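Line order of the protein sequences matches chains W and E.
Each residue of the first sequence is one higher than the one before, starting from 1 at the first, in the working numbering.
Each residue of the second sequence is one higher than the one before, starting from 1001 at the first, in the working numbering.
Keep in mind that the hints were calculated from the coordinates and are not lab data.
A few of these clues could be false.
[Stated by the list, open to error] Among chain E residues calculated to face chain W with C-beta under 7 Å, some are:
#1 Thr-1046
#2 Asp-1047
#3 Asn-1191
#4 Ser-1203
#5 Gly-1204
Everything numeric in this text was worked out from a predicted model, so none of it was measured.
A virtual CB, placed ideally from N, CA and C, is assigned to each residue, including glycine.
Below are the chains, spelled out letter by letter.
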Amino acid sequence: MSSNVNRRLVLRGTAVAVAGAALAVPGVLAGTGTLAQAASTTDHSGHGGPATHGGPVPFDELYQGRRIVGKAAEGGHGAHHGGGFAVSIDGKELHLMQNADGTYISVINHYETYADPRAVARAAVDKLRGATLVPIAT
Amino acid sequence: MAVRKNQANLTATEKRNFVNALLELKKSGRYDGFVRTHNQFIMSDTDNGDRVGHRSPSFLPWHRQFLIQFEKELQTVDASVTLPYWDWTADRTTTASIWGADFLGGNGRPRDAQVTTGPFAYSGGKWPITVNVDSRQYLQREMGAGVAQLPTRAEVDSVLAMATYDMAPWNSSSNGFRNHLEGWRGVNLHNRVHVWMGGQMSSGVSPNDPVFWLHHCFIDKLWAEWQRAHPTSTYLPAAGTANVVDLGDTMRPWNNVTPADMLDHTRFYTYDR
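Work the whole structure out from these sequences, hints included.
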């Protein structure tokens, strides 16, 4: 019984890994990272603290075939929740929030923290698997 | 008095009644109202601004009230139903009975994380995801992908041993029981289970997955266990704290209940052990 269960778990894990690899190959254009690499990406400004020295470095890149853009917020929602920073995926806003320790979360990955907005954006792209962000119904 | 039970001990009839009540609330639109409310608080609770449902002392009383409201809705469909809890320290594999086709259904398939078994599979037509952050209308799960292991009982016990409920600055950087239970610091209990589940459970619209209620029911039970272990400890802060719900302050969105009102769960229900 238990060995049977273990074998099924292993098979399931393999299937997930294969699917992840298949997704990664054709999609990568400018982006380089796996989720693990993205999560460890550090803030190039060298500062992890909240809204320090002008905040995170802006970015505009293709990751897994999706255009992810991060820049200073022009007022509105991201201006206060995102620590003055706003992120979009293919032009659609990704709701971003900065934590007290300077890390970030998004509405897609709400229960784990990332070092900077670029890592949050890449993690969201991984989770979306090609799906489009939609405005939250409120 | 309603008794909330461990889901692993439910009879086939109890499982069926719970699932049917969920499906009925979904059909009527009342279920999605809870998803919407949860996400509104997820998006507006901030570490340096007003915070009620998350990353703040009222995380526990807010979710206690949220679950009571939801349980009352279930009971309008079937008066015999109570919320079951999922002890993820014990039932911690993708093949546990909680994921059976007769209850919550199984893991998502590898290709697109879509749940394809059980009452909430998209193909069954009874569980379309309508309050969502992206364009996918099906329930998703990726168990064990975001983080490999669910918390252990030893990790739970290490958090239950913390004598102080919460501490300044009363947010995701706080020391104390509440923030370690919520999971922004330390061994990470509540947050880690959301991440382990994957799919909608790891997003702001987490109540789209019915396991949300069983997970939070266990978190609620752990609060009660902590209270029993620390009879002289109480909810903090007591009064006069900016942006945070003090013991006697009312909580949005109800505006008529306070943390003090929620401290004794036996006014509303009991746990089976």
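Inset, instruction - Return the status of the interface hint for Asp-1047/E: holds when the least beta-carbon distance to chain W is below 7 Å, violated otherwise. - result: Holds, because the Cβ-Cβ distance from Asp-1047/E to chain W comes to roughly 4 Å (cut-off 7 Å).
Inset, instruction - Verify the interface restraint on Asn-1191/E: the C-beta must sit less than 7 Å from at least one C-beta of chain W. - result: holds (4 Å)
Legend entry - Restraint outcome when Gly-1204/E is required to lie within 7 Å of chain W by C-beta distance: holds (4 Å)
Inset, instruction - Mind checking the CB of Ser-1203/E against every CB in chain W and telling me if the closest is under 7 Å? - result: Since the shortest Cβ distance to chain W is 5 Å, the answer is holds.
Inset, instruction - Classify the hint on Thr-1046/E as holds or violated, based on whether any CB of chain W lies nearer than 7 Å to its CB. - result: holds (6 Å)
In this structure, none of the earlier numbered hints is contradicted; all agree with it.
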